[in-house]
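Chemist: Okay, here's what each chain looks like letter by letter:
There are 2 protein chains.
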Amino acid sequence: MADTAAIHTESHVLAMAQPLLLDSGRSLAPVEIAYQTYGRLNAAKDNAILVCHALTGDQHLASPHPKTGKPGWWQRVVGPGLPIDTDRFFVICSNVIGSCMGSSGPSSAAEDGAPFAMRFPVITIRDMVRAQVALVDHLGIDRLHALVGGSMGGMQVLSWAANWPDRFGAALVLASAARHSAQNIAFHEVGRQAIMADPEWKGGNYYSEAVDDPRKVGPESGLAVARMAAHITYLSEQGLTEKFGRRLQDRETKTFGFDADFQVESYLRYQGLSFTDRFDANSYLYITRAMDYFDLAEEHGAHGKPGNLAEAFAGLKARMCLVSFDTDWLYPTSESRRIAHAVNAAGAPVSFVELSAPFGHDSFLLDVPALDRVIAGFL
Amino acid sequence: MADTAAIHTESHVLAMAQPLLLDSGRSLAPVEIAYQTYGRLNAAKDNAILVCHALTGDQHLASPHPKTGKPGWWQRVVGPGLPIDTDRFFVICSNVIGSCMGSSGPSSAAEDGAPFAMRFPVITIRDMVRAQVALVDHLGIDRLHALVGGSMGGMQVLSWAANWPDRFGAALVLASAARHSAQNIAFHEVGRQAIMADPEWKGGNYYSEAVDDPRKVGPESGLAVARMAAHITYLSEQGLTEKFGRRLQDRETKTFGFDADFQVESYLRYQGLSFTDRFDANSYLYITRAMDYFDLAEEHGAHGKPGNLAEAFAGLKARMCLVSFDTDWLYPTSESRRIAHAVNAAGAPVSFVELSAPFGHDSFLLDVPALDRVIAGFL
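One line per chain: the protein sequences are A and B, in this order.
Heads up, the first sequence is in full-length UniProt numbering, so the first residue is 1 and it goes up one at a time.
Heads up, the second sequence is in full-length UniProt numbering, so the first residue is 1 and it goes up one at a time.
Hints were generated in silico from the structure; no laboratory data involved.
Misleading hints may appear alongside valid ones.
[As the list claims (entries may be wrong)] Beta-carbon label-pair distances, calculated as ranges: (1) B/Asp250 <-> A/Ala110: 51 to 61 Å; (2) B/Val353 <-> A/Asn205: 47 to 57 Å; (3) B/Gly113 <-> A/Lys67: 28 to 38 Å.
[Said to hold, decoys possible] Computed list of lysine-lysine pairs in DSBU-like fashion (alpha-carbon distance at most 30 Å, straight line): (4) B/Lys243 <-> B/Lys67; (5) A/Lys202 <-> A/Lys67; (6) B/Lys45 <-> B/Lys317; (7) B/Lys202 <-> A/Lys202; (8) B/Lys202 <-> A/Lys254; (9) A/Lys202 <-> B/Lys254; (10) B/Lys70 <-> B/Lys243; (11) A/Lys243 <-> A/Lys67; (12) B/Lys243 <-> B/Lys254.
Positions of the beta carbon are idealized from the N, C-alpha and C atoms, including for glycine.
Please build the complete structure, drawing on both the sequences and the hints.
Modeler: Here is the structure:
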C-alpha cells in the first residue's frame, strides 16, 4: 500500500482459495493475482474501470515500476484529471497469470515449493480473464463501469465481451485483434525459438541459479533477441525512418565492423538488453503462446467448427469502441474493422475509429492527443 | 565442368592474381571467385548476361545445388527457350565475395592457411561488384549484353550502373532498393545478434570443430533463428495467410504445449534448420552488413555529404528496367519508383513496372508469369 502525492494507489495480491480451471482442461494452483488500484471505489461500487495490460506490460499503470523505477506505462493517460480520471474512477490493473510481476506464472512456486518453470500449464487469453473475473468478484464489484485494453489487453477485453458480457458497461479496445494471424504467430515463434535455442534456457529450469548470481540468470541473450524482433513489429517503417533513418550512432563514419554503427542498431540492442532486467523468459513463452492461440471466432464455434465472429458477441449489450492506428501493421485497421462489423452484426452498440499516428502499433502507448480525446469521450 | 542434357553449364574458380582493394581501405587476398556459366559465349563476346544473386543465393542458377541437390534457384527463368534464353545468351553467375559457395569469404583460408573467420574484411556491395568486374575482365568481355539481379542482386546491378556504366547494355533490377532502410537494418541486426549470441559462434572461430564433427558445426541455432526472422520479411502477410492461415500441423486440436502446433511454425522451423546445412553463419554476418551499408546516393555524395540519387547515375547510357511487387514490404514499390525517377533525372532510358503477386519479396524467385514476360521482353 503506497500513496504518491498525485494519485492514490494501492498494491495488493489476492491469493485465490480455489484452483483456476483452464481452457486446456488442467487447473492452476496455487493462484495469486497481483494488482494495483488507482483512485477509490465508491459506495455503490459502480465506478471501477479494469485496464488490461499488454504482453510485456504489468499492473504498474500510473506508479513507478518497482524493478526499473521508471514511470508507469500509462501515466500519460491514468491519473487525476487525465483521460482515465482517477478522481472519478477506481482503476484496477492486475498482472496477467503467466506473467512475472507477482501473479502466478512459470517463475512462481508450485505446490512443491519449486518454481513451476515449464510445469506451468499453457494458458489462454480467456484463462487470463478468468483470473480477472475472480479478482472483480473478490472486490465485490458486480459490474465494471468499463474495460480498457490495448494490444493483448484488447484481446482480454474482447474475451470479457464474449464470455462475461453482463459484467461491464463499456469496453474500449485499442490496437488489437480478435485472432492472431499467421504473420503474428510467425514473429512470436521466432522469439520463442530464440529463447529455447539459448543453452541457458535449460528446458526452462534456469531459476535455481538465481541463488548464486541473481544478476545474470537464464536465457538473457535469447530473450533479448526475441525482444528485438518483436520490437520491430511494434514500430512502423515510417516511424523507424523518421526516428533513426540511416543515421550513425556517436560516430562520423562507418566503422567497417560489427559494432552498432547505426542508431537503429544501438536502439534495438538497448531494447533487448534492458528487457531482460525486468522480464522472465518463460513468461514470454507462455504469454506469446496464449496470444497465438487466441481466435475468438473459433472459440465460439459449434461442433468443433470455427464460428463467425458475430456469434462470439451474441450476449453483448454494453457499448463498445474500437480504435486502430493507420501505421499499425501488427494489428492493422482491417482487423479492428472486422471486429466492429461483428459486434454490430450481433446487435450491440459499437463505434470504430482509425487514428493517424506515426508510431505504428506502439501508438496506443505514446503521445497521441486524438487517442486521449477518444478515451475521455468514451468513458 | 559439367553438362546436363538440357543446358550447357560449366563450373569455374578464378584465382585473382592481385589483391582486391576494398571500400574500407583494406584489401582482400587471396581472392577466389567461383562462378557458373550457362550457354556459350559467342565469338564477338557480346552475348553475355551476368546474373547477380541475392543474400543467401549462389551461382547455381539453373543446375543442381551441390550441397542440397535441389534444382537451381532460377531454373524456372534461365535455360534454353526460357526468359533468359541460354540458346542465345551466355549467362554468368558468380558467388559474391563474403559468401560460402566457393568465392572468398570468412570460411576461406587466409594467407596463413587458417580460415579468415572475423579477420575477413568488412565488404560492401561495390566490393562484390569489383570482384565481378575482375571476372568479366578475365573472360575478355568488354561489354555485357545485360545485368540482371533481384534483391541484393539488384543492389549489385545498381552499383554497376553507378560505377561501371559503360560496361553493359541493359540492366534489370528486380525487387530491390538503392539503400537499406532503418527497418531493413533492424531485421538484419536481429539476425546478427541471434548468431553472435549463440555460444557456438565463439567470436567467429568455430571452423576448427569441423574436423571433429562435420555434421554439427558453428552457431546453428543462432543462424536458424536469423533465417526464420528474415524469412518472415520475404513473404507477405497476405501470402502467409493464404498459405498457412491458422491451420494446425498434422493434428486436430491445439496441444497446449510448445510444439509447432501451427503450420506456419513448422514451416519456419524447417526453413531455419535447412538453411544451416548450406550456409555459413559468418557469411551471413558479412553479407547482411554489406547490404546495411548500401546507400547509393550517399556513396556518390561530395565532401562527405550524401548526394541525391540521380548523381549516382550521371554516367549511365544503358537501358534500365525496374520491377517491384505490390506485396513486397521489404523493398516496396516506392523505393523502385524512387530509383526510376533518379535514373530518368540522370537522362538514361528507364522503365518501371509494379507487378501484382501474392508472394511478397520472394515473388522475384517464384512463379509469376508477368515477370517472365518482362524479363524476356527487356532482354
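Chemist: Now look at each hint and say whether the structure bears it out.
Modeler: Structure-based check of all given hints:
1. Look at B/Asp250 against A/Ala110: about 31 Å separates their beta carbons, and that is not inside 51 to 61 Å.
2. A hinted range of 47 to 57 Å holds for the C-beta pair B/Val353 and A/Asn205, which are about 56 Å apart.
3. Checking the proposed 28 to 38 Å range against B/Gly113 and A/Lys67 shows it is violated: the Cβ atoms sit about 51 Å from each other.
4. The straight-line distance between the Cα atoms of B/Lys243 and B/Lys67 is roughly 27 Å, inside the 30 Å bound, and the hint therefore holds.
5. Taken as a hint, the A/Lys202 and A/Lys67 pair is honoured in the structure, with Cα atoms around 25 Å apart against an allowance of 30 Å.
6. Between B/Lys45 and B/Lys317, the direct Cα distance comes to roughly 20 Å. Compliance with the 30 Å bound is thereby established for this hinted pair.
7. Under the criterion of a C-alpha separation no larger than 30 Å, the hint pairing B/Lys202 with A/Lys202 is consistent with the structure, at around 20 Å.
8. About 24 Å separates the Cα atoms of B/Lys202 and A/Lys254, which keeps this hinted pair within 30 Å; it holds.
9. Taken as a hint, the A/Lys202 and B/Lys254 pair is honoured in the structure, with Cα atoms around 24 Å apart against an allowance of 30 Å.
10. Distance restraint check for B/Lys70 and B/Lys243: the Cα-Cα separation of roughly 22 Å lies within the 30 Å cut-off, and the hinted pair is therefore satisfied.
11. A distance of roughly 27 Å separates the Cα atoms of A/Lys243 and A/Lys67; the hinted pair therefore holds under the 30 Å criterion.
12. Proximity of B/Lys243 to B/Lys254 is assessed by CA-CA distance (about 19 Å); at most 30 Å being required, the pair is judged to hold.
This entry does not satisfy hints 1 and 3, going by the numbered hints stated previously.
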